[in-house]
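Student: Listed below are the residues making up each chain.
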Amino acid sequence: VRPDGPTHGTVRPLGGERRRVTAAVIVGLGYSVLASFTHPFTLNADLVTAAAVVAGALATTWQIRRRSTAARVRPDGGDGTRARWTPLSLVWVALAAAVTGWELFCFLSQPRTRYPTLSALLDSLDSTRVGKAVAFGAWLALGFLLVTR
Amino acid sequence: VSGRHAILVVWGLLGAGVVLAQTAALVSKGRFPGLGTVVRRLTYRPVGRSLLVLAWMWLGWHAFAR
Chain R
1 VRPDGPTHGT VRPLGGERRR VTAAVIVGLG YSVLASFTHP FTLNADLVTA
51 AAVVAGALAT TWQIRRRSTA ARVRPDGGDG TRARWTPLSL VWVALAAAVT
101 GWELFCFLSQ PRTRYPTLSA LLDSLDSTRV GKAVAFGAWL ALGFLLVTR
Chain Z
150 VSGRHAILVV WGLLGAGVVL AQTAALVSKG RFPGLGTVVR RLTYRPVGRS
200 LLVLAWMWLG WHAFAR
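These protein sequence lines map, in sequence, to chains R and Z. Take the first sequence: its letter number 113 is residue 113 in our numbering, and every next letter is one higher. So the mapping is simple: our numbering equals the position in the second sequence, first residue as 1, plus 149.
Keep in mind that the hints were calculated from the coordinates and are not lab data. Take these hints with a grain of salt, some might be off.
[Said to hold, decoys possible] Computed footprint of chain R on chain Z, listed as stretches where at least three residues anywhere in the stretch have a Cβ under 8 angstroms from a Cβ of chain R:
id: 1; segment: 155-163
id: 2; segment: 172-185
id: 3; segment: 195-209
All C-beta atoms, glycine included, are put in the ideal place defined by N, C-alpha and C.
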């Protein structure tokens with residue numbers, strides 16, 4: 001199988017995809033370290049975050065256009081992996097509803113020190129450089145997942 | 150246990166639930182959908198993908214810039 005070639009049966013592509021993911025991880029790690037030197041409510045923090053947001057917007061636009069083009073050729077979405085909901089997916093829906101409900105409860109309760117929201121918990125993590133680099137890296141990874149899946 | 154500790158315990162349980170569900174997905178070898186599978190389902194349509202990316206953008210701006 002060529003590194004970037006088509007797959008047959010259970011044979012997985014080697015090289016190309018792995019190289020792209022490795023490159024994304026290295027860039028993401030470096031960018032997260034860079035972001036850890038910034039502080040909220042400063043121009044540097046605005047610029048570093050905005051650059052990632054713009055990159056995410058461009059990548060999403062490109063991905064949507066690529067999929068819509070492929071969908072004209074293949075009704076299943078172009079890559080043959082049309083997703084289906086199953087009853088077990090409801091576990092994730094229930095978890096998302098529980099997190100959202102608890103966040104709302106904490107958000108509407110006072111004082112914030114007694115009812116910490118996810119933001120307040122994240123602020124605790126952001127208070128150290130390593131913590132901020134980890135949090136920023138996790139946010140970038142989530143964006144990468146959303147754009148590439 | 151103070152009120153704050155009780156709140157943190159619930160946050161911890163919710164986090165453990167997410168980790169447990171993802172672990173179940175890995176162990177079940179596809180029978181139980183993982184987070185990646187759910188995300189793929191949500192991003193199948195452009196509207197779903199756009200909404201999730203918008204939420205991601207807001208989260209990053211809220212957490213790291215403002």
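Student: All hints are to be evaluated individually against the structure, with a verdict given for each.
Tutor: We went through each hint and held it up to the structure:
With 5 residues bearing a CB less than 8 angstroms from a CB of chain R, the segment 155-163 of chain Z meets the requirement of three and the coverage assertion stands. Evaluation of the coverage hint for the segment 172-185 of chain Z: fulfilled, as 5 residues show C-beta separations to chain R shorter than 8 angstroms, against a requirement of three. With 9 residues having a beta carbon nearer than 8 angstroms to a beta carbon of chain R, the segment 195-209 of chain Z meets the requirement of three or more and the stated coverage holds.
The structure shown violates none of the earlier numbered hints.
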